[in-house]
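Undergrad: As given, the protein sequences belong to chains H and B, one line each in that order. Be aware that the first sequence starts at 1198, since it is given in the working numbering, and climbs by one per residue. Be aware that the second sequence starts at 251, since it is given in the working numbering, and climbs by one per residue.
Everything labelled a hint here was simulated from the structure, so no lab data went into it. On a predicted model such as this, the values are computed, not experimentally measured, just so you know. C-beta: ideal position from N, C-alpha, C; glycine also. Each hint should be verified, as a subset may be incorrect.
Stated by the list, open to error - Partial list, computed: chain B residues near chain H (C-beta under 7 Å):
1) Thr299
2) Gln304
3) Ala306
4) Pro308
5) Asp602
6) Val604
7) Gly605
8) Thr606
9) Ala619
10) Val620
11) Cys650
12) Asn651
13) Gly681
To be verified - Cβ-Cβ distance ranges computed for the label pairs, FRET-style:
14) B:Gly538 - H:Ala1427: 28 to 34 Å
15) B:Ala504 - H:Cys1420: 40 to 46 Å
16) H:Asp1729 - B:Arg420: 26 to 32 Å
17) H:Asp1729 - B:Ala578: 38 to 44 Å
18) B:Arg544 - H:Gly1683: 57 to 63 Å
19) B:Ala504 - H:Arg1380: 57 to 63 Å
20) H:Pro1643 - B:Asp656: 34 to 40 Å
Unchecked claim - Over 12 Å on every C-beta distance to chain H, these chain B residues come out as not near it, computed from the model:
21) Arg329
22) Gly336
23) Arg362
24) Arg367
25) Asp370
26) Asp371
27) Ala379
28) His384
29) Arg515
30) Pro540
31) Ala578
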Amino acid sequence: MTRTHCPYCALQCGMDVSSGGLISAENLCQKGWTAAEVLRAPDRLTTPLVDGQPATWDDALDLAVTRIRLVQESYGPDGVAVFGGGGLTNEKAYLLGKFARVALRTSQIDYNGRFCMSSAAAAVQRAFGVDRGLPFPAADLAEAETVLLVGANPAETMPPFIRRLRGAKRLIVVDPRLTATARLADLHLQITPGTDLALALGLLHIAVADDLIDAGYIAERTCGFPEAVAASNAYWPERAERITGVPVRLMRETARALARRPAVVLTARGAEQHAKGVDTVTGFINLALALGLPGRPGSGFGTLTGQGNGQGGREHGQKADQLPGYRDIRDPAARAHVARVWGVRPQDLPGPGRSAHELLRSLGAPGGPRALLVFGSNPAVSAPDTARVRRRLRALDFLMVCDVVPSETARLADVVLPVTQWAEENGTMTTLEGRVVRRRRATVPPPGVRSDLDVMYELARRMNAPGDFTPDPERVFAELRRASAGGPADYSRIDYDTGGFWGGTRLFQDGFATPDGRARFVPVQFRPAAEDICADYPVYLTTGRVLQHYQSGAQTRRVRDLDRAVPGPYVELHPDLAARLSVAQGDAVRVSSRRGSVTVPARITAGVRHDTVFMPFHWLGANFLTNPALDPISRMPELKVCAVRVEAARESGSDRRRHGRRPAGQ
Amino acid sequence: MKVVVIGGGMAGARLVSDARLRGADITLFGAEPRLPYNRVLLSGVLAETTRESQLATPLPDDVDVRSGLRVTAIDRAARQVVAEDGSRARYDVCVLATGSEPLMPPVPGIERTLPFRTLDDCERILARARTARHAVVIGGGLLGIEAARGLAVRGNRVTIVHLAGHLMERQLDAHGGDILARTLAGLGITVHVGVSVAAVEPGGVVLADGASIEADLVITSCGVRPVTSLAQDAGLAVERGIVVDDRLRTDDPAVYAIGECAQHRGVTYGLVGPCWDQAAVLAAHLAGEPVRYRGSQVVTRLKAPSLEVASLGDVHAEGETVTFSHPAAGIYRKLVIRDHRLAGAILLGRGDAVGTLTQLYDRQSRVPAVRESLLFPELAAHEPAHDPARLPGTSTVCHCNGVSKDRIRTAWLAGADTAAAIGRETHAGTGCGTCLTAIESLLGSFGDALAPVAEAG
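Chain B on its own, in the form it takes in the complex (with noise of 0.2 Å):
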């Protein structure tokens, strides 16, 4: 079988890596003149949390990579693939995994601005970043927010600039965007929201209120759009992205599309699970498999040094809502539950419960009826400790060897008053030792409770 893939991007390079297509002829087309690298780093390039090494997404010798080469046709009618060099590549299976592009606002200058999607555009920033003072972003989303935090980690000054009425809009309630406002305040980037830019001039960024920021150095992040070009120059269903079936298949049966490109259930997605979802169902598909892709559980986890933010399907949901939220502390727990499965969640600030929700939200598991345990899994790990002085004479005090505290007594009034002679008398304190403290204090309490008898007497 001779797949081309076109695109070398997160879910091209996830499909070819596929164990399941070892075997297959395979080539990937990547348009960027590297070899495929992990996009969704790059902002930990930025903030210095991720080396540049850790972006290499090996790929197995068996795959013909040709980097810095665009595909500028597909010729359907004779099965190939026609490069900007003019090299053809003829195929059985075509996957287009083109994603997606960054979304340009049309506004005076922005050419001044630097998009922030490939590890040039990384490179660009982070040059210069080392001599600029005030840098603008312009976007508050995920990977605007993430660039902010990384520019600001370095020494820069930054101010984002975002036109929805608050941060994070798709993932974010009013008040999460608000209270992530308040974090991002902390660590010294100013954040307007509900506000366009008007221009980008060469000494910063004036905005729709008139008012201007200074800067020395403007990113834009303000989403990203499908690139759908190629298929459609091939005749094929394009609406917002490639229109593509539950087999990851266009109209044309021999043409499949995965990643951000591509348009499911009339859904396209920006983030990574879902690309590695679509890339695993294709790849078993490929190989044979009877499997469909039915969409995927989005999860949105912020990537940034002292920024704890996650946001899980869809938060603006109807149904069953428990919040709570500390603004002080930055802290803002939601999840919204719809017939005992979690619908959607927001998770800012410190806190343990993103693991145990994730999990929850992924596997679409019935949710505990006791909701707090799942807020403030902190609190449950915390028992009391409890006083051994205090403790029923039935309960255990040696694990290890089953000793009561019954038992211990009766030895001590036997005459055992050493931990090591009770040991001796009952086996406990012998095992692990862990109780050995609480023997010791215990032989105390026995000794206090009988001073006041022993008085008397």
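Okay, chain H solo, but in the shape it has when bound (with noise of 0.2 Å):
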């Protein structure tokens, strides 16, 4: 048995893992149980393959680097883009914008953490002046009196979590569905979709208004109160109400709970995946700094983050705007410590290049890069507005992919590698809590396989990359060690096998990350979902996970139980709105947004708002519908929240089987 961690969410539940892949752990949920069944896919790649052929791995290098020297003398270093994930390894994550900005001498990396962590990120950063999700263990929510979840549904997504909060006295979920979260909670705030921000703002008014803040913590600890108070001012509550759905009354009796600390505020997607989702996520952070939560014992402000690594991910370079160490790009000082332990000339970097979504809209086209090289990532479903990202991909002049199995984006590729995935590799994760853990082998990879750091290496050597590069985890973890000292996220003192919170286990009880260790209040004002709902698309719709799959689906729909459980996609609505379309339990119904179309089965619930839907995003076909508005802060798509209109699909029958399996995408 060699003592591992699960390969899904940020949770990172430790288990046991024999070499014959079978697994002992004390807390799991099913994907978790049963995620040695990915080890062995059926179609688990063992080959490299070039245009859908077998290749050997040394002609599939060769041909890839070939390519990228063609597309480079045409169009220079930013011809090549990289698109990097949050479920890499840090090492991984760390090589990957190494090898972009030294071995490929391209601006243009992002990861699919854009879609995922960045309105977080940019908002904690922005008020605390480091970006730790939750900047103290998860053991401490259960002491909390009140924990307040905005837009969070952790009995799906890390089904264990939940043992941490039902030692809170007082649980209270904002989201526009019951959700199996929602279910446990004392208090559910069934908000309409894309309005959290005027909640927030709503509950700072009434907190300024009941004299629930304390005045002496935001006067020692916090700076611009005033002015963020000010710009609640226009929220009274029952405006708020107006706006969000939520009867005055909740909002009242949510703002007196979370007075009594300890108390702990958490956001997570659904509040940050907007337009808006950088002011939605600060104007949380009002009220927990109004409240005197942050940096207190037992209270504070946190977001749930979503990927297995979707923490260290976010740290170590793969982001279009960042050194490792979770440094800025921009900063003269940043790029000479980086480019010093790197061994090149800081002026050789690279500057920041595009947000993810904005990277992928311009592959192929006028300006944008000629060739993408993709790891641990499947833009091809978890994109917004799909139709539109696939068209981009296939006019690439070269797609390279790497992946443990054929996904969706590596069906389109010209080269595939085939790598290694969790039990077959070593290396280190940090988790929700900030918490390094490492990832240990445990069973032999299928022969043919490599790991992502090997492809890296071998494509470095091959283009006369400057600097050291190596394949070895923990070569790259002591680099990573050096290239991250000194910066916000600093892993200087992390130890590769025993790991630990970096930071600290509690950070902000002496002080905030801040030049003055003061948080920063930052007045933010309500605006509307990007594209509301009208005549024409009369029906929002949001998207989220369910609990036997992950992300794009990629590992779990390859895993029986998990498939068998939920075999794909569908669309959740209220009672009302399917009668009214003739609609019946597994009936075929169309979703259409100003993006496209898919036909899904039905699933009735009153759990849903009237006025709202909801498709899990596990599957190609809600993304075909969502929108691509971006955070202005952030450049998070608004994947949470746009106008659709849903009608029955009048198909014979065949048609209805078919889609019972798979949507009709366009």
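Once you've looked at the hints, go ahead and assemble the two chains, each given alone in its own frame, into the complex.
TA: This is how it looks when you write it as structure tokens:
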């Protein structure tokens, strides 16, 4: 048995894995218990593919280098782009950023975490000076009087996390749906999609009016309070009620509950994946600061990171504007430090590049990259406005994808490289609470499979990249420690094998990571969803996850029990909407937005609002509809709300059977 | 572009704050001697549910604010406004946002009463309320009731005298008005309806029916009248308010009017919502966007402690009505539905229906066929708790691991008799742990069910 961690979410539950792939653990959800099946997926990639045909590693790598060079000669270094993922180990995320900037010399690198944590990251960084999703151990939640969860559904997305919450005296959940998490709540605020910021402003208004604020804390530990309060003046409770649909009575109850410490405010993607995600998170940070929560024992503000290495993945430089250690790529001191570690000149490092969706939609277009290298991501399913993104992927001169299975993105690729996965490899991951944990090799990878690190190393070597490259995770980690030293996310004192919290167990107890040690209030104003409902598209669409699947589903769709439990996409709609459309349980329903149309079976439930439908995003489907409107700061797309039309899809029985499995995309 | 805005009330302040007008050269004249503030929350200040600091409406730095300076004339030929100190300001665009003024009924002694419109009025009322024992509010509309409740919260004995047959007659039907009066009575506020005031005397108020009510503080809240004199003097078309088209433009293409002073398609509004809608449309129009104002959805929400009153749209409209009434509890809910859309609604008393209904009304979305779900959302939220012992065998007990009751039973029959053992065998209860109680109670029920069999054997 080898001690390692679950391959899926940011909770990174510990598990022991035998060399034969047997799992033993204390607490896991169904995804975790069945994770070993992905190791033996029937369509596991075990040989490189060139134009869909098996090839040797040397041929595939040589071809990739030739094609990359061709593009670089015609279009310069920015003609080649890199797309990473929040599931990559710290070592891979770090080496990918270095590979892009040193070997490819491209500024065009970003990753799928842009669709995940970018709004929370920007808001938290702005307020506290450092972005660690939970600045305290999750175990602290059990001591809380009240926990407010905004747009989070951990009962499905990270079930064992609920064990932490169960100790809290009072759980308040903000969600447009009566989710499995909302069912556990003492209070469920069933908010209109896209209006969480108005709720935050209304709660701050109440906190000030009812004198629930902590004036001493505000004076000693923060700055900017008067401006933030003035910005909330126009959101008196009755007005916030009209915008959000949350009754004034429930807002008052929520504000009062949060004022009894210890209390914790947590946001997640439901509040963050919006074109105003940064301001929405800021609204809840302002509320938490006004109540004196952050940096107080047992209290605080946090965000629930989603992807397995969503925390570490956003720290070490696979982000368009970032260098290792959460350094800003525009900062001359940061560039000098990292260039020294990498053995290059600071002026040779490129500047900031395009954000994920801007990158994807510029592919193959005038001025955009002509080649793309994808690691640990499946944007052909997970990117909003998927039809357009798939057109852009097809317009590339060269697409290379590293993956464990033939994902939807890999199927579009010129070169596919088969790589190792969790139990087959060594490295580190950083959990949602900022704890670095060790991923250990427990099973032998299939012959012919190499690590993502090997791929980066081999490409760098063939391209005569300056500086040192190594495929050995422990040596990469040692270099990461030096590169991150002195940065906001400093790993210099983290041991590769024993890990631990970076920055300490509980941050902000003595001060915030800002130059003056004070947290920043930032005034924010509500603005409506980028696309509100109208006569042509009269229903809101919101998207999310189901318990049995993870992200684009590339792993979980290949696990028999998970696939059997939830075999395909569907749309959740209210009985009243279903009755009006004459749609029964399981009937095919066509859901259309301004960007596309999909046909999926209906799931009728009173748990969703009359005016809202829900679709899980683990298959090609939901993202054909979602809105790529971007947050001005984080460049997060508005994945959580758009306007759709819902109709019964009258069709023959054979069509219906087909659509039961796969949606009719586009 | 040089924009002159006359009036620093809700509409004017909102307009000059709009992001789309940054870059314009804006001058804002306000007659009141202070920076613009949020008038809507004054009754909250009276009732101590809002802090005075929360009235502030911060304005962008690039706005030239001239507070306490009344505009006396608009020289349309010269495109200038003239202030009371003789100064002039040239404009490309002039916006009238002069608001409205309290109606003071022609009753002897009315000058002894205080209006309730401005922050100054509010401060005068508060000063008097400290020593007053008995207050009378003339007018049982929204603002009058909010003022009455505010004074009652501060310990004053309060009587409302209302001319119409029931309270808030535009926003409520007679039954709703009666229930509201009962609720107010329960809060120590006496209500007289269908009676006018004959005179206000130093010691109190004399009613038309001859009765008199002792009072040392009398507030008049009998509605408002749009302030139109400036527009009238300038020769602009004025009816009840300053007449504007769908661009909020008067009959002079360089002069616009928004807020309570404006009359659009025959309607003048007296609520902040429409004023802000108009400000937003005008800002967009001035920024060159092709927008039109087509009227506003009217939502009246009374803001006072222990009083839950909401009125949406036209509650007197013809249409399908759905009502629930429980006068003893102060609850009354009424929907008026036309063409499957909400035409109007009344919500009195405690209840959480207001959030959903306001949104259905604002967006004119189709109203669900099951009307009672709208009136009683709190009931829909409560599902009966299932006794796991009575669930069918195929039902899922552990959702995290998709484990059915039958599978737990099979494991129990094979000897797993604790929740931990069930977890090892089936993984049930090893995820979020919420179902552990259900598993334990199931194990008990399996035993109970087998007990008679064991005895028989």
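Undergrad: Work down the list of hints and note, for each, if the structure agrees.
TA: Cross-check of the supplied hints:
Below 7 Å, beta-carbon pairs count as interface contacts, and B:Thr299 has one with chain H at about 6 Å; its hint therefore holds. Annotation: interface hint on B:Gln304 holds; nearest CB of chain H at approximately 5 Å, less than 7 Å. Residue-level restraint check for B:Ala306 holds (minimum Cβ-Cβ distance to chain H is 5 Å; threshold 7 Å). A cut of 7 Å between beta carbons decides the hint on B:Pro308: the least distance to chain H is about 5 Å, and the hint holds.
A hinted interface residue such as B:Asp602 counts as satisfied when its beta carbon comes closer than 7 Å to some beta carbon of chain H; here the least separation is about 4 Å, so the hint holds. At about 6 Å, the closest approach between the beta carbon of B:Val604 and any beta carbon in chain H falls short of 7 Å, and the interface hint on this residue holds. Nearest Cβ of chain H to the Cβ of B:Gly605: about 4 Å, under the 7 Å cut. The hint holds. Below 7 Å, beta-carbon pairs count as interface contacts, and B:Thr606 has one with chain H at about 6 Å; its hint therefore holds.
Checking B:Ala619 against chain H by beta carbon gives a least distance of about 6 Å; that is within 7 Å, so the hint holds. Annotation: interface hint on B:Val620 holds; nearest CB of chain H at approximately 6 Å, less than 7 Å. The closest approach between the C-beta of B:Cys650 and any C-beta of chain H is roughly 4 Å, which is under the 7 Å cut-off, so the hint is satisfied. Checking B:Asn651 against chain H by beta carbon gives a least distance of about 5 Å; that is within 7 Å, so the hint holds.
For the restraint placing B:Gly681 at the interface with chain H, the shortest Cβ-Cβ distance is roughly 4 Å, inside the 7 Å limit, so the hint holds. In this structure, B:Gly538 and H:Ala1427 meet the distance hint of 28 to 34 Å, their C-beta atoms being roughly 29 Å apart. In this structure the hint that B:Ala504 and H:Cys1420 lie 40 to 46 Å apart at CB holds, the actual value being about 44 Å. A hinted range of 26 to 32 Å for the beta carbons of H:Asp1729 and B:Arg420 is consistent with their spacing of about 29 Å.
Checked against the given bound of 38 to 44 Å, the beta carbons of H:Asp1729 and B:Ala578, roughly 41 Å apart, stay inside it. At about 59 Å, the beta-carbon gap between B:Arg544 and H:Gly1683 stays in the expected band of 57 to 63 Å. Checking the proposed 57 to 63 Å range against B:Ala504 and H:Arg1380 shows it holds: the Cβ atoms sit about 59 Å from each other. Checked against the given bound of 34 to 40 Å, the beta carbons of H:Pro1643 and B:Asp656, roughly 37 Å apart, stay inside it.
Distance check on B:Arg329: its Cβ is at least 32 Å (rounded) from any Cβ of chain H, clearing the 12 Å threshold; non-interface status holds. With a least CB separation of 34 Å from chain H, B:Gly336 remains clear of the 12 Å interface cut-off, as annotated. For B:Arg362, the requirement that its beta carbon stay farther than 12 Å from each beta carbon of chain H is met, with the minimum near 32 Å. Non-interface status of B:Arg367 relative to chain H is upheld: no Cβ of that chain comes within 12 Å, the nearest being about 18 Å off.
No beta-carbon of chain H comes within 12 Å of the beta-carbon of B:Asp370; the shortest separation is about 19 Å. At roughly 19 Å, the least C-beta separation between B:Asp371 and chain H is larger than 12 Å, which holds for a residue marked as non-interface. Every CB of chain H is more than 12 Å from the CB of B:Ala379 (nearest about 19 Å), matching its label as outside the interface. For B:His384, the non-interface assignment is confirmed: its Cβ lies about 28 Å from the closest Cβ of chain H, beyond the 12 Å cut-off.
The beta carbon of B:Arg515 sits about 20 Å from the closest Cβ of chain H, which is more than 12 Å, so the claim that it is off the interface holds. For B:Pro540, the non-interface assignment is confirmed: its Cβ lies about 16 Å from the closest Cβ of chain H, beyond the 12 Å cut-off. Annotated as non-interface, B:Ala578 keeps its C-beta farther than 12 Å from every C-beta of chain H; the closest such distance is 20 Å.
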